[in-house]
Amino acid sequence: MTEALTLAGASVTLGGHLALDGVSLTVRGGEVLGVLGANGGGKTTLLRAALGLARLTSGEARLGGCPVGSLSEFRRALLAAYLPQERRVGWNLPAWSVAALGLPHLPPAKARAKALSALAEVGLGALAERGVMDMSGGERARVLLARLITTGAPLLVADEPAAGLDPDAQLQVMELLRARAAKGSAVVVSLHDLTLAARGCDRLAVLAAGRLVALGPPEQALSPEILRQAFGLDGGLISTAFGSVIAAGRIAKESNPDNTGEVNDRREGLAR
Amino acid sequence: MNLGSDPRLILGLTGSLAAVFALAIGLGETPLSYIQYHQAFIDMSSAPAQILWFIRAPRAVAAALVGSALGLAGAVMQGLLRNPLADPGVLGVSATSAFGAALVIALGLAATPGAVQMAALGGALVAGALLTLLAARLTEPQTLILFGVALSSLGGAATALVFNLSPSPVATAEVLSWLLGSVANRDWSDVAVATAPAVAGMVICLWSAQALRMLALGEETAALSGLRMARLRGAAVAGAALLTGAAVALAGVIGFVGLAAPHLVRGRVSDDPARTLIPSAIVGAILLVAADLAARTIPSSEELKLGVVTALFGAPLFAMVSWRAARSWRG
Chain X
1 MTEALTLAGA SVTLGGHLAL DGVSLTVRGG EVLGVLGANG GGKTTLLRAA
51 LGLARLTSGE ARLGGCPVGS LSEFRRALLA AYLPQERRVG WNLPAWSVAA
101 LGLPHLPPAK ARAKALSALA EVGLGALAER GVMDMSGGER ARVLLARLIT
151 TGAPLLVADE PAAGLDPDAQ LQVMELLRAR AAKGSAVVVS LHDLTLAARG
201 CDRLAVLAAG RLVALGPPEQ ALSPEILRQA FGLDGGLIST AFGSVIAAGR
251 IAKESNPDNT GEVNDRREGL AR
Chain F
1 MNLGSDPRLI LGLTGSLAAV FALAIGLGET PLSYIQYHQA FIDMSSAPAQ
51 ILWFIRAPRA VAAALVGSAL GLAGAVMQGL LRNPLADPGV LGVSATSAFG
101 AALVIALGLA ATPGAVQMAA LGGALVAGAL LTLLAARLTE PQTLILFGVA
151 LSSLGGAATA LVFNLSPSPV ATAEVLSWLL GSVANRDWSD VAVATAPAVA
201 GMVICLWSAQ ALRMLALGEE TAALSGLRMA RLRGAAVAGA ALLTGAAVAL
251 AGVIGFVGLA APHLVRGRVS DDPARTLIPS AIVGAILLVA ADLAARTIPS
301 SEELKLGVVT ALFGAPLFAM VSWRAARSWR G
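So the protein lines, in turn, are chains X and F. Residues in the first sequence are numbered from 1 upward in steps of one, following our numbering. Residues in the second sequence are numbered from 1 upward in steps of one, following our numbering.
For the record, the hints were derived by calculation from the structure and aren't laboratory data. Heads up, a few of these hints could be off.
Unchecked claim - One side of the interface only, derived from the structure: several residues of chain X facing chain F at Cβ under 10 Å:
1) Gly65
2) Gly69
3) Glu73
4) Leu127
5) Gly131
Glycine residues also receive a C-beta, built at the ideal position from the N, C-alpha and C atoms.
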């Protein structure tokens, strides 16, 4: 199977500093790849670079086997769809109208039919006519997810789609993304919640200061060493009757604020 | 071009425009009897025909053209910048256009047929070309707004300089009067000069409709939507600049209509920036034809300026509509 997304030695410089440092990974249809890392670790830059929104200073990004820079806007949209971190909708558009924006080239009636089907898939079929500003944050997040689904793109990229949502809405968002992967899509999702990532993703890519420090299944990518290196946390993944959870405490950093540097091993006892 | 479908709304607004238009042609300073109205339709050389078809009609058409241009340009600017406070003047095109006209008037060339209009249009086109290049390259609306503010200040300062250096108080008064905005004494040839850029601007703006709708989700989503956003963004700016230039060339600087018209229709089109376009153009035309009718018929020692009337009567109405719509401005 052709890789939906390939990054080969991808580096991006932003404002004079290396935001992404030689990252290589591939994502295939049917899998959910979680992208993790502390704030400023390079998660969003990785997603943007993969989609051709951030210019690579070295390396290569491919979508569906084609260099992203060589794709026309139309072709790129056929290969990948993006849900950015920003969830603000400029106007109080009805939910179906937002979802229909996933297919701007289709005749309005066809786009509306696809949008209604996607809204039903995310459980908002009854709210199709409601303005997105009159919805809760969770509902709005699902409407935007419906737009992502409407595109029908083989690669779905979502930047922190669960941020700011209540636990139930977070799980719902992950379930919806997993359902798309089950139907053959490749899904790349950046997350801050490590437990959510461990439960919802097939593989995890962990970034620290722009470098890929782990890439693999959750139990491997969230090992105590990686948690310490990437997040400055002391802990690990624990299996429970309800699934895996992360139990970790913060390690105070007295001399070096850099997560990748030496840390003072004085535990503050903050449990996540 | 996907403008959505609002046939009932558009039909209703067109009917209202036709009614206001009929009033604008039928009513005026010179009262006419039924016989004179009849005469105006059967004898084109008669005095009533001259009043109706060569004084009031071109003036009403000019008002409708300027109103629709400003209404549409306002809707495009608000959609492009995702900002309900945007209007055709926000990018500085009105200011540079006004400077072009002011310069020609101050130089004593106002009597040359078409000189003021061409200068106003020229000022708009220079600014429009700069902004179009910028809009195609920049994705952040803030940068475009900041550039527009700079251009607006520059145009305003240049116009003030014209006042400052103008040797003749008569020319200065003429520039000031022109800047207040009016369609008084416009004839068919004036309308003809502004029609071509206005129609071109309208077609270009309507072409960019889908991009405006997509921009509701932000620049990054739009960039990956498959639409050719750089081209469409540039087209929206170029179209709005042509419309604004045409409006300023025909009637001087008229504020408020471009800001208010989109807000007056937004609630009827589910806030959709693309579906706002055509109704905004028609509402802009209705507002300005009605305002000009008021300017002509309100008893006063001197005819009121159109720009003054639109603001005086429209601002309270706009405040009321905005108050109702405030909840949809939330981010």
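Worksheet item: Looking back at the numbered hints, which does the structure fail to meet, lowest number first?
Response: Checked against the structure, the hints that fail are numbers 1, 2 and 4, while the rest are satisfied.
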